[in-house]
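Listed here are the chains, written in short residue letters.
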Amino acid sequence: MEIHTLHEFMLHTKNITYLLMGATLVGFVCYWLFLTGRDKKIRKY
Amino acid sequence: MHDANTKSGLFTPGNIITGIILAVGAVITFIRFTQGIGAVTNLSDNNPWGIWIGFDLLCGVALAAGGYVTSASCYLFGMKRYHSAVRPAITTAFLGYFFVVVALHYDLGHPLRLPYPLVYSQGTTSLLFEVGLCVATYLSVLFVEWSPAALEWLGLRKIRNVVVKLTIMLTIFGVVLSTLHQSSLGALFLIAPGKLHPLWYSSFLPVFFFISSMVAGLSMVIFEGTLAHAGLHHKMDETHLKEAEGVIFGFGKAASFVLAGYFFIKTMDIAMDNDWTYLGTGYGAWFLVEMFGFVALPSFLYALGVREKNVTLVRIASINAVLGIVLNRFNVSLIAFNWNLPAADRYFPHWMEIGVSVFIVTLIITVYRFIATRMPVLYEHPDYKDAH
Amino acid sequence: MNRRRFLTLLGTAGVSTAMSAVGAKKAVAAGNQSFKGYKDSYGVLHDTTRCIGCRKCEQGCNEVNKLPAPKVKFDDLTVLEKSRRTDSNNWTVVNKYNVAGLDHPVFRKQQCNHCLEPACASACFVKAFTKNPDGSVTYDGSLCVGCRYCMVACPFNVPAFQYDEPFDPLIQKCTMCHPRIQEGKLPGCVEACPKEALTFGKREDLVRIAHDRIRSNPGRYQDHVYGEHEMGGTAWMYLAGVPFEAVGQQEMGTKSAPEYTAGALGSVPMVVGIWPVLLTGAYAISKRKEKVAAEEREEAVQAALAKARDDAAKALDTALAKAAKEKDAAVTREVKKAMEQAEQAFEEKFAALRAEGQSAENGDDGEGKEDA
Ligand code: SF4
Ligand code: SF4
Chain A
1 MEIHTLHEFM LHTKNITYLL MGATLVGFVC YWLFLTGRDK KIRKY
Chain B
1001 MHDANTKSGL FTPGNIITGI ILAVGAVITF IRFTQGIGAV TNLSDNNPWG
1051 IWIGFDLLCG VALAAGGYVT SASCYLFGMK RYHSAVRPAI TTAFLGYFFV
1101 VVALHYDLGH PLRLPYPLVY SQGTTSLLFE VGLCVATYLS VLFVEWSPAA
1151 LEWLGLRKIR NVVVKLTIML TIFGVVLSTL HQSSLGALFL IAPGKLHPLW
1201 YSSFLPVFFF ISSMVAGLSM VIFEGTLAHA GLHHKMDETH LKEAEGVIFG
1251 FGKAASFVLA GYFFIKTMDI AMDNDWTYLG TGYGAWFLVE MFGFVALPSF
1301 LYALGVREKN VTLVRIASIN AVLGIVLNRF NVSLIAFNWN LPAADRYFPH
1351 WMEIGVSVFI VTLIITVYRF IATRMPVLYE HPDYKDAH
Chain C
2001 MNRRRFLTLL GTAGVSTAMS AVGAKKAVAA GNQSFKGYKD SYGVLHDTTR
2051 CIGCRKCEQG CNEVNKLPAP KVKFDDLTVL EKSRRTDSNN WTVVNKYNVA
2101 GLDHPVFRKQ QCNHCLEPAC ASACFVKAFT KNPDGSVTYD GSLCVGCRYC
2151 MVACPFNVPA FQYDEPFDPL IQKCTMCHPR IQEGKLPGCV EACPKEALTF
2201 GKREDLVRIA HDRIRSNPGR YQDHVYGEHE MGGTAWMYLA GVPFEAVGQQ
2251 EMGTKSAPEY TAGALGSVPM VVGIWPVLLT GAYAISKRKE KVAAEEREEA
2301 VQAALAKARD DAAKALDTAL AKAAKEKDAA VTREVKKAME QAEQAFEEKF
2351 AALRAEGQSA ENGDDGEGKE DA
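Quick mapping for you: the protein sequence lines, in order, are chains A, B and C.
Per the working numbering, residue 1 is the first one in the first sequence, and the count goes up by one each step.
Per the working numbering, residue 1001 is the first one in the second sequence, and the count goes up by one each step.
Per the working numbering, residue 2001 is the first one in the third sequence, and the count goes up by one each step.
These aren't lab readings, by the way, just hints derived from the structure by calculation.
Check the hints yourself; a few may be wrong.
Unchecked claim - Residues on chain A that point at chain C, a partial pick, calculated with CB under 8 Å:
1) LEU6
2) HIS12
3) ASN15
4) LEU19
5) MET21
6) THR24
From the three backbone atoms N, C-alpha and C, an ideal C-beta is built for every residue, glycine too.
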């Protein structure tokens, strides 16, 4: 796709960014669980 | 579950006023959805946004910030003392956001297409898209955060326990989403540098909106506490009453200092944009009223109240601060917006627009009372004390 | 501590705002793309020095777009006495400006300027606006939610809304006659103009023509083509003999609409990436503090307990030694007494420590206040 305007450029980049943001939030949760997977169980809320 | 209060006569003055407001609201709603927006508003091509955006959306979202502020300070920053304040704050936040979305239906030309930006055609370059996405997600997060109250009421222990396990994650998501949409509401106006008065326009509008949303959240928790104490005292348990004072002074102290920071960044913005000369104009005077009467003054009142351990003073300060937030949102979206149009083209709300806003606020209060008199919001459910 | 972290974060947000604005531009340069818009796109040049305010363009627009018949006929020029703007039934309007020091009025036509970087398109959250390769900016009403943010965003106050339409209210604005251009025809207004005040053509050519006119007619024009750079440039451009402010055209920066929002949009992913880390950090720190405090409390109690036991044992030893030395029955009673005393002292100390430990717990919470 050829990009002619800054508007189109931003539309393209933000589309990707929003998808990445969703993945990031899910990724954080998974990674945190992995990171603390071997910790002793402490009381959680 | 019913208590004496709800049974003691339906025709109390409070209920009669509520009834009248709801009836008038229903009539306006009917006119709005059969005759069009033009029939009930003073909106025009030059003034596409009125108080339904300036008050219902901008103020509504800012004043519902108590949810993220309280849950973050309790669960993330380890201030367990504020625990009893979390549920009421989450409840009001949830209702606030819910009714913001309800109110939006009045303002939109095609209310049924509200999900379009999310599911059908994503205009990701728009700050409004950001706001819409975050508000929709945050509303769901708030619903889940709030649901234990309802689940305890309904006695659904299993689901409730699962939800309670998610608290930390939900709180973090809540803060992230709140940061984003609170600031994006300010960023909505970045695209109109020519229409918003330079004293209010700033490339830091999103930061200003975010910082002031913290003040709004803190102040609303204190202010709502005042109202709830007056009306629903009998529903509060000992912990709530005991911790209430700590909440008032703790939040008052925080609000005072955040307001101070807000005052400084607003001042520095004037310097960075070199807007000093505008201070000498009429708009400048109005700007100074906002800065000194509704930022510096509440900050100082809070400080005095906290130093003197004077609950009443802190409560007065909270009202002052809440009014300050409303004033700021009105200034940005209505009063200083379109400032260079001739007076004849300026906007003043139609009484029916105000009627809808009053109607929505009344709905929020009514539903809050319904929830607070039935569900464990202002007290801990006896069966679930341990799990907090 | 928490507040400091908070402020740092805000600082970062500010910096990232600035950085992402730069970033957007860099990407443009790095990708070796200048985003000059569509090549060979069209535009219109409006020469206000030729315009006689006959409203023929308004009529032409009304006819080709099949807009509702006007309340006042198009040949009635009295409407010019009042300043008008575009609305849902009038996609273009001509206004009269009485300029001080000039013996004749100046007329200027207003319609959508078909920006190269349209603010309306940037603002619309359902992509209802499209910048077409022919230069026009068109609107798709089947997507529109009716939020009217495009009207807030448009720097030229162009889009209008059908406020009186209850069920299908839409935005209305000039399309630069996109359908006609596709058919190879001229826009309705350009075709109707009897004075050639409107020139349709490729935008690049129009810029050249405009500057040529300025150069070859000294004194006739302001040396400024309004729209060449305003808000990143527009497809419709204007020439005037008087300062543009006098014909109702605000001075506008050359920055285009998306540039104003790039910073704020750019900091959104930064917040999503960094906030969870910092917040989880805050949570972990407060959890850790709680745990350490609990451990310390436990340790202190244990140590005190041990010491008290020691003391008791010592007292017992001394007493026993004493008893052994004197070998007296009365002394044995003494021993008993001493033991009792020691035990009591131990009990007291223990109770005191307990109480201390508890108050420490409360004091700990008290500190938390600072951090809200
Ligand atoms: S003039 Fe206004 S409506 Fe027309 S393209 Fe530019 S921003 Fe959009
Ligand atoms: S009113 Fe319609 S076209 Fe305008 S910004 Fe909203 S959704 Fe887009």
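query: Under the criterion of a CB-CB separation shorter than 8 Å, is A:HIS12 in contact with chain C as hinted?
result: Cβ of A:HIS12 sits 11 Å from chain C, so the hint is violated.
query: Was the hint right that A:LEU19 lines chain C, CB cutoff 8 Å?
result: 11 Å, violated
query: Given A:THR24 was flagged as interface, is its beta-carbon under 8 Å from a beta-carbon of chain C?
result: A:THR24 check passes; min Cβ-Cβ to chain C is 6 Å, inside 8 Å.
task: Against chain C, run the beta carbon of A:ASN15 and see if the smallest gap drops under 8 Å.
output: Constraint on A:ASN15 not satisfied, violated at 10 Å.
Interface hint for A:LEU6, Cβ within 8 Å of any Cβ on chain C: With a closest approach of 5 Å, the A:LEU6 hint holds.
message: Checking hints one by one. Is A:MET21 an interface residue toward chain C, by the C-beta closer than 8 Å rule?
response: At 5 Å from the nearest chain C Cβ, A:MET21 passes the 8 Å test, so the hint holds.
Consistency note: the structure conflicts with the earlier hints numbered 2, 3, 4.
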